[in-house]
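Chemist: Quick note, the sequences are listed as chains S and U, same order.
Last residue of the first sequence? That's 342 in my numbering, and every number before it is there in order.
Last residue of the second sequence? That's 98 in my numbering, and every number before it is there in order.
The set of hints was computed from the structure by calculation and includes no laboratory data.
Since the structure is predicted, the reported quantities are computational estimates derived from the model, not experimental observations.
A portion of the hints provided could be inaccurate.
Pair ranges (Cβ atoms, derived) [as the list claims (entries may be wrong)]:
(1) S/D252 x U/A74: 38 to 46 Å
(2) U/P76 x S/P154: 41 to 49 Å
(3) U/A74 x S/A61: 47 to 55 Å
(4) S/S314 x U/A74: 14 to 22 Å
Ideal Cβ placement from N, Cα and C applies to all residues, glycine included.
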Amino acid sequence: LSATARFPALGSTVVVVTAEHRLPAARAAVEQVVAEIDLACSRFRDDSELTALNRAAGRPMRVSALLLEAVQVAVRAAVVTDGDVDPGLGVALVELGYDRDFAAGLDDAPATTARGSVGRSGPTRRGRAAAPGRSLRAIPGWRTIRIDPVASTVSLGRSVRLDLGATAKALAADRAAAAASRATAGAGVLVGLGGDIATAGSAPEGGWRVRVTDDHRAGIEAPGQWITIADGGLATSSTVVRRWRHDGESVHHVLDPSTGRPTTGGWRTVSVAAATCLDANIASTAAIVRGRRAVPWLESLGLPGRLVSGCGRTLHVAGWPSAGDDLSPEPTEGAVA
Amino acid sequence: MPPAANAAQLGLAPPGGAPQAPPTTPTPQPQTQAAPAPAPVSGGS
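With the rest of the complex left out, here is chain U:
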C-alpha cells in the first residue's frame, strides 16, 4: 500500500500553549532547600 497514512493523523499539532519567557526574578529559595536540579537543554545533537 502507499505509505501515506490517514489524513486525519497527518497534520503537525501545535502545543497546548506557546513557550513562555520565565520570570526574570528568581524565586527566593529556602536556605535549607537543596540546589535545583540541572536544567534540561534543547539544542542540536
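Chain S on its own, in the form it takes in the complex:
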C-alpha cells in the first residue's frame, strides 16, 4: 500500500509517494536533498551560494559541487534550447518586480489561482519594466557564464544575475527521488516538487498515476487528465500560475529571452514526459517560449507532450495519450499527431 507525505519547501509543495512502511526514510532523504538545493540555489535567500555568486560582480567564485552542477545543467538547458531556457534572466525578473518570496508580500494578478501558498515565491511591484512588446534591456544571459569544473569556480557577466528556478527545482526532484530510493533499499519512489515529478526504483503495477492540470495546487478536481508513467520524469510549465501585476499589467514568470518580457507564445500550459524530470522541465519551459514551433520540436525529440492553448484546447504529441482529457482537442490535432 502506498502512502504520501506532503510538506512545503522551495517556495512550493513537496509530495513523496512510496510504500507506506518506506515513507519515513524516503521523506527524510527528500527533505535533506531539498534543503541542500535551497541553500545552494535560492535566489531569495541572503545566505545562499547563488546570492553570493550574483553579488560577485563578474569575479570568479568558488562554489560547492552542488551549485556547480546546478549551473552546469542550467547552461545545458540553454544550449539544447538555443537559449530559449536562459538562466541569465535574473535581472529581467527583478526589474519586473519578481525579487522576493510571494509570502513576503505579493500583488497577485487576477489570473492566478493561488491559495494557501506557504512559502511560494512571488514578486513585488518594485523596479521598472519596459512597455509591453519592447525589450526590457539587452540581456547578455547565459553566454556570459564561465565554468571551471577543475577549480570549481563560476563567473557571470558583470550585469548578469542567475535565476535557476526552473532547472534547479527539477534537478532537486530527480536527486530527491534517487536519494529516497537509495534510502529505502531501492523501493519505488515518486517525488513531486511544485508539480514537477521525478521517479526512481520500480513503479507500482500499472505505473505511477498522476493528474495533469494547469496548476499543481488546484488538486485532482481541476480540469485536466489522468495519466500513468512507468519511469523518468514529468514536468509542467504554465503561464497561469505565479502571476502578478506590474505597472498595471498582468505578468508571469516565464520570460522570452529575446525580449525580456513574459512569453506570448500561445500555449498557457505544457506538460512533457522525459527520461528525467530535468529534461522534462527544460522541454516544457522551452515549449512555452517557442509557441507553435514547439510542436515539431517535441515530435522530433520523441518527447511526449500535452500542450494547452490560451483558450483551453489541447494538443497531444509524440505518443502522449489523448484519451480521458477533460479539455477539448485543438482542431488541428488530427493533422499534427
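Based on these hints, arrange chain U on the given structure of chain S.
Modeler: Chain U only, in chain S's frame:
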C-alpha cells in the same frame, strides 16, 4: 572555458515509455483496504 558541455550529454532524452491513459474502470478495492493515497499532480508552479 565556454559553458557548452560534452555534446554526448546534451540531448534531451525521452522516457522509457510514453505516458499511458489509465484504465477507465477503477480496480475494485477490498473493503478493508485503506483509502488510496492522494494522487500527485503535475501542474504549473
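Chemist: Are the hints correct? Go through all of them and say.
Modeler: Hint-by-hint comparison with the structure:
| no. | hint | result |
| --- | --- | --- |
| 1 | S/D252 x U/A74: 38 to 46 Å | holds (44 Å) |
| 2 | U/P76 x S/P154: 41 to 49 Å | holds (47 Å) |
| 3 | U/A74 x S/A61: 47 to 55 Å | holds (49 Å) |
| 4 | S/S314 x U/A74: 14 to 22 Å | holds (21 Å) |
Against the hints set out earlier in the document, no violation occurs for any number.
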